[in-house]
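Enquirer: Use these hints to put chain B onto chain A, whose structure you have.
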Amino acid sequence: MRDFLRPIFVLAWKDVLLELRTKDVVTTVLMFALLSMVTFNFAFSPSPDVVALVTPGILWVAFTFAGILGFNRAFALEKENGNLEGLLLCPVSRDVIYFGKLAGIFTFMAVMEALLVPFFAILYNLPVLDPKLLVVAALATLGFSGVGALFSAIAVNTRSREIMLPVLLLPVASPVVIAAVEATRAILDGASWGDVGRWLQLLTAFDVIFLILSAFVFGAVLEE
Amino acid sequence: MQGLAKSYGDRPVLRDLALEVAWGQRFVLFGGNGSGKTTLMKCLAGLARPDAGSIAIAGLEGQRQGAELRRCLGVVSHQPLLYEDLTGAENLRFYGRMYGVPELESRIALVGEQLKATRYLSARVRTLSHGMKKRLSLARALLHDPPVLLLDEPESGLDQEALELMDALLQSSEQARTVLMTTHNLERGLALADQAGILAGGRIAYQASTASLEATEFRRRFRRYLEVAP
Chain A
1 MRDFLRPIFV LAWKDVLLEL RTKDVVTTVL MFALLSMVTF NFAFSPSPDV VALVTPGILW
61 VAFTFAGILG FNRAFALEKE NGNLEGLLLC PVSRDVIYFG KLAGIFTFMA VMEALLVPFF
121 AILYNLPVLD PKLLVVAALA TLGFSGVGAL FSAIAVNTRS REIMLPVLLL PVASPVVIAA
181 VEATRAILDG ASWGDVGRWL QLLTAFDVIF LILSAFVFGA VLEE
Chain B
225 MQGLAKSYGD RPVLRDLALE VAWGQRFVLF GGNGSGKTTL MKCLAGLARP DAGSIAIAGL
285 EGQRQGAELR RCLGVVSHQP LLYEDLTGAE NLRFYGRMYG VPELESRIAL VGEQLKATRY
345 LSARVRTLSH GMKKRLSLAR ALLHDPPVLL LDEPESGLDQ EALELMDALL QSSEQARTVL
405 MTTHNLERGL ALADQAGILA GGRIAYQAST ASLEATEFRR RFRRYLEVAP
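Chains as they are written, first to last, in our numbering: chain A, 1 to 224; chain B, 225 to 454.
The set of hints was computed from the structure by calculation and includes no laboratory data. Please read all numbers here as calculations on a predicted model, not as lab measurements. Do not take every clue at face value.
Not the full set, but computed from the structure, chain B residues with beta-carbon under 8 angstroms of chain A [as the list claims (entries may be wrong)]:
| hint | residue |
| --- | --- |
| 1 | A269 |
| 2 | R294 |
| 3 | L305 |
For each residue, glycine too, the CB sits at the ideal point set by N, CA and C.
So that you can see chain A by itself, here it is in the shape it has in the complex (with noise of 0.2 angstroms):
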């Protein structure tokens, strides 16, 4: 199991490091998500009813769309250089670089929406301090992030990546997004577990069906 760990562990803080030394993608990402934020509450007059109702949207549109920036970017960098044929060149499964490159993903998407949430609950007026939240947030962000990576790993050999990989995504991830604002949105409203349990188990039932089907289709993805 170390050694099946190890390699992904290294993976992902290998991707850390780089976006510590670049900044790119969190700079670009955060001023994004941060503006489709204050631009739909300029959209619409933030009464309670109305925050209720749409809040939720918002914050996982914000999330989806900074996301994508973000999963272009992963593999984007595995390009220059040849560096990934450097990593399948490395001893270790197919499966692991999958793994390693979603806890990379995983690890930027969760920095995000920690940076993002608290202004949002201050734009808004929102309790967001909820730990269902927590984990709704988790789930779905793994679910997301799950599929961004393969999606990302078929979109970088094609010639308009930008374009491609959310035409491949979104489809494939809607489950995921709307089973998130549901539950956020039953958060929001005051829901106890019970009440959020069904989207909780959703979110479940598609991160385990995603993380194994794009571990085992990534090798293939991979070869040339």
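Expert: Frame of chain A, contents of chain B only:
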């Protein structure tokens, strides 16, 4: 390797290629542009899947024992396989950890010293010249002390000092390795090789021991195969 075949679309690049390199030997492969040298190297390194045929290196089969086989290989390709925004040392540390290299820091220091690349290790790769990157690329390939080296035109971009260092490393009797190298440089290639071969028409068209080989004769044959290759 036996019966190796690889096509890109309807263009065959390797056709029923067979080659055996004895343990500890240096085999240098020559071939014109587009003759399939890089494709052959990619198949051997597990970066491209052959359409037919089998590959075994150090007793390990490529199809079934990929990860173990890759641990035996040090590969230098046309690209440096280094992250531009990491330093040379960080790149080597990353690859060393991926390969599970023991006593990594001392190993990095050793290969850095062997290739006289120590002073580049603290610089970001982005700031280095092509030749410096190539030295680091060689260091990356040697870091896990692989018994087999696959070198695809490794001399491109290297200065004279680096070429001599590389030759010395490849010819070192202390660290005998099996080497398969492609090059366009006949003189250097023949000087390094125990065996030399010509890849033409997707096959090993000619193969001989350099001990029994006249350079002028090899050059004549090479030109002839370049002319007749499809």
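Enquirer: A separate judgement is required for each hint: does it hold in the structure or not?
Expert: Going down the list of hints, with the structure as the test:
no.	hint	in the structure
1	A269	6 angstroms, holds
2	R294	5 angstroms, holds
3	L305	3 angstroms, holds
Every hint from the earlier list agrees with this structure, and none is contradicted.
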